[in-house]
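Sequences and hints are given; from them, build the entire structure.
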Amino acid sequence: MLEVKNLFCERDERVLFSNLNFGIGAGEVVQIEGQNGSGKTTLLRILCGLNESYEGELFWQQKDIAEVRDDYFSQMLYVGHLAGVKSTLTAEENLEWMQQLDPALGKVSIAEALKSVGLYGFEDVPCYTLSAGQQRRVGLARLYLSTAPLWILDEPFTALDKKGVAEKEALLAQHVLNGGSVILTTHHDLNIPGYTVRRINLDEVARS
Amino acid sequence: MNFFMAAVRRDLVLALRRRSDIVNPLAFFLMVGVMFPLAVSPEAKFLAQVAPGVIWVAALLACLLSADGIFRSDFDDGSLEQMLVSPQPLVFIVLAKVLSHWLMSGFCLALMSPLLAMMLFLPSEGYGALVASLLLGTPTLSLLGAIGAGLTVGLRKGGILISLLILPLYIPVLIFGAGTVLAGSMGLPIAGYLALLGALLVLSAMLAPFAIAAALKISVRG
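Just so you know, the sequences run in chain order A and B. My numbering numbers the first residue of the first sequence as 1 and each following residue consecutively. My numbering numbers the first residue of the second sequence as 1 and each following residue consecutively.
To be clear, the hints were calculated from the coordinates, so they are not data collected in a lab. The structure presented is a predicted model; accordingly, all values stated were derived computationally and were not measured. Among the hints, a few may not be true.
Taking lysine to any residue pairs in the SDA-like style, the calculated list, with each CA pair at most 25 angstroms apart, reads [said to hold, decoys possible]:
no., chain 1, residue 1, chain 2, residue 2
1, B, Lys-217, A, Arg-69
2, B, Lys-217, A, Leu-58
3, A, Lys-5, B, Gly-222
4, B, Lys-45, B, Ile-175
Shown next, in the form of structure tokens:
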């Protein structure tokens, strides 16, 4: 689906990665590894079109990504470091807005998604009254709503409890089983039932 | 269209839940009207002469004061990133945000302006011109302010920079806006002034959304 060719990126005169090549097909999970500051987030932001200070080529379904941007954006879901959750809105209002932004978020109803992330009963309180983990869950409720084939997740498990992480891992397994793909960064030992995760280590890429 | 309305509604709901953001510019506007006669001269004849300029300067600075916040919170909590990676056109989102900013600032200022006019002894013939000029002029201020806000949103302290960037662009609006009120208060025709303000509005409404969208992309991708 997504293909990266000869990617080069430097920041503050430090090369983060050069000559980076990889592709991700349907039903694959790629975990980007590396120490803090190795450029994991930068790489994901490049893949989402949120960072354009790179050299190299990106292809979506064999076409240059700049040419099929609208198509790409409607089939990609990005959950970043910042959850994009407005603290003065309620969980329900936040998800309604996200649905407006991205019509592909319509797999199940919002109430069902909130129930799946364990926020049943919290849907109509402002998000600033929720804990950090619960706010994170509001952002991750998008995964339950999403029909997009490609998920790009930047540290999705921060602030989640063990049960929450296990649920998300099961969700990723489900997504992959249905032919979806996931690119993610996490420091957590990813354990997707019945699936081996492909790993790309940016520290090794930088050394080679 | 549905999406546009939803975007406007979201911003209005957000603004109504944080009332201080709405009240601040209005309170500033009102305070100028209260302080000015105390500091300069309470004489009715003198105040009537300077009222058009003072009210317009106060309105302009009140708009400038609130411009910095147009994209700030969306940038801070990651909502802006989501807008950039969404399949919806950024220009629409931007236009909706500017519209709701105007409803909360310029529109309210225009509604409040007769009160200020009364405090500054503006001749009653000028009231209509004042409200009309503010209704036509302040949307331009919001549009231009959003360009500056978009360019500086990625910086930690954008407050001073945004003033430097957009104040020069505000000057034509200020000149024609204050001119409208002055002409109106002397009983002269104001149609020509209003046409100029309208032209400025049409021009900025057509071009500014693209500039704002480009500015936001630069700020987020930088």
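Hints, verified against the model:
1. B:Lys-217 <-> A:Arg-69: Holds, because 14 angstroms separates the two Cα atoms, which is no more than 25 angstroms.
2. B:Lys-217 <-> A:Leu-58: The hint holds at about 19 angstroms.
3. A:Lys-5 <-> B:Gly-222: With a Cα-Cα distance of about 22 angstroms, the restraint between A:Lys-5 and B:Gly-222 holds, given a limit of 25 angstroms.
4. B:Lys-45 <-> B:Ile-175: Holds, at about 22 angstroms.
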